[in-house]
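Using the sequences and the hints, build the whole thing.
Residue numbers (my numbering), protein chains in the order written: chain G, 638 to 985; chain Z, 638 to 985.
Derived by calculation from the structure, the hints in this document are not laboratory data. Hints are all accurate, no fakes.
Identical copies go unnamed one by one, so any copy, or any two together, can satisfy a pair.
Listed next, the in silico DSBU-like pairs over lysine-lysine satisfying Cα-Cα at most 30 angstroms (straight line): (1) 862 to 711; (2) 768 to 950; (3) 945 to 677; (4) 898 to 711; (5) 648 to 768; (6) 707 to 644; (7) 644 to 711; (8) 648 to 711; (9) 837 to 711; (10) 644 to 903; (11) 870 to 711; (12) 837 to 768; (13) 837 to 707; (14) 889 to 837; (15) 648 to 945; (16) 640 to 768.
There are 2 protein chains.
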Amino acid sequence: MIKRIGKYTIKFLDEPLISSFASVAGKPESEGPLKDGFDKIIYDSHAMKDTFEEAESLFQQEAVTLALGKWGGKAEDVDFVFAGDLLNQCIASSFGLKGFNIPYLGQYGACSTSAQSLIMAAAFIESKAAKAALAVTSSHFCSAERQFRFPLEYGGVRTPTAQRTVTGAAAFVVESTENPTKSAKSPLLCPKISSATVGKIVDLGVTDANNMGAAMAPAAADTLKTYFDDTGKSPSDYDMIFTGDLGIVGSKLLYELMREKGYNIKENHRDCGLMIYDINTQDVHAGGSGCGCGACTLSAYILPKLSKGEYKKVLYMATGALMSSTSGTQGNTIPSVAHLVELKCAKG
Amino acid sequence: MIKRIGKYTIKFLDEPLISSFASVAGKPESEGPLKDGFDKIIYDSHAMKDTFEEAESLFQQEAVTLALGKWGGKAEDVDFVFAGDLLNQCIASSFGLKGFNIPYLGQYGACSTSAQSLIMAAAFIESKAAKAALAVTSSHFCSAERQFRFPLEYGGVRTPTAQRTVTGAAAFVVESTENPTKSAKSPLLCPKISSATVGKIVDLGVTDANNMGAAMAPAAADTLKTYFDDTGKSPSDYDMIFTGDLGIVGSKLLYELMREKGYNIKENHRDCGLMIYDINTQDVHAGGSGCGCGACTLSAYILPKLSKGEYKKVLYMATGALMSSTSGTQGNTIPSVAHLVELKCAKG
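Structure (structure tokens):
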């Protein structure tokens, strides 16, 4: 059962368990700081497929297969899969997941899809609609670049504020703690999803598709402030506050926006876009981005730390820019959204 | 709370109420059989906006405004909006709904989005995450045609199996029956959402983007058969079984596929794609399609009949083709999905 707290936040009373998770990343990601955390690296951008889009689907397939393997369950033990990606009509997900035969509910939150899918899975568990659900997402530098910006062959020079779309996919098995068959098999009795804030669409008028961090920071600030207002918590209540892919520019803006709202988060904030790459040595400009950025960092770094008890309680907030290349070409702004989940390893 | 029935079906024990709904349709739709059912007609394809995409957003805005008005509530009384559309990155929804400031969870089920969003809203109500939620979707002939097929100016001749994308949007307020403040204001104490089956992705290898009915019929048959298997119900238990947008070709295929599975649904089946247009006099080839097709027909015809008690119990199943123009150009098949909701006006 879910309890509403304050105006917007929901508390998952049974605290669904993320009992398995896996990530699959590409070559540049394997050269970054999280290299040891990924479950699999696929070095070939094409992943032996004919197209980058099919390659991205394969990343999702592999992530799900690995997550199910670590869980000790089969696809048929999963009641629903919540998945989405950045490609037009989310084809990385539909083509990637069709072979698993799991009831499919496509999600679109752009780069916030990782958090959104976890919220969906947790809500379905709490409602008793599901005993186990999968949350899956992906992004791919090559498929994203040619869809949203320029053909790769064009070799366009990127602006300093641009971020590099992460090539990677991650899958998370979320299950009821009342699901003893599976929970018992799982080596992890945490992390748990304890509460969440679903974001409103925020649009401060940024139009530069090469500065997604700036477009998304106001949404992040809005959701984070809402969460603190609703729960009475403050940044120091958390071991760390993670954002999905704000990059350098967006992170700095978030600090500023939060300071204006009376919160200093700089001391215990990290952005997955600045964790997955070494921005000093890798050619990624303002950091990583894409659905795979937050999702892979969550799987490769954040959840393992929670599992080991190195973190007790963290916030994971993924941000998404809800534009398309059509809306950009038509001169429109970039509406953004941020969804937040509280993850923890201890009761209370 | 939700109870699982059989392997895939979920039963909404509190039976959330669809307490308000509204549809906004375009000119060709206003010339069809459902003309008196729409709440508003926008005759101009551009809806006084610069682009068809912005026009589609306006359709969503208007549908939500009308649904809230009929409900007697405000946007701030709604806890979540579940919405999606056919445009790349679902911009009709993100731009259309950003002004309402409702926590936003983007859905992507292609033309199955109407049923998917209703299922999401109902599940969130049952989990107590929400007291009231909106389910919204839209499609627009002009924005869809140029995105998925050809520029309108090209004047391409359409094949006989092609369907016409409906220009229209619909919004549904779903709320808890334990939400007396709002329910009491509502003139309708039904229809209620009583059960649902979320579909698996089905792909029998159809590749013709001008024959979506054929691509989607197997998904519809799979979900409908699953629902009957899980519940022990049969077609005659329902006043009518509605599909979202199979058109002539897809409907015939569905009859055949269901007959092979041992069910005769022909007698009490209607397809929204064949209801929203008069296919004998309107130039729509195999019927209507698009997210707006099922959604507008649901709002303009099916729900009013349930409200008046003319139907006691119906199945509404919306089908979606989970492809993109990229996957089509790359020679891929059309994976499809169908989500089903049982709607009723009587207890039991």
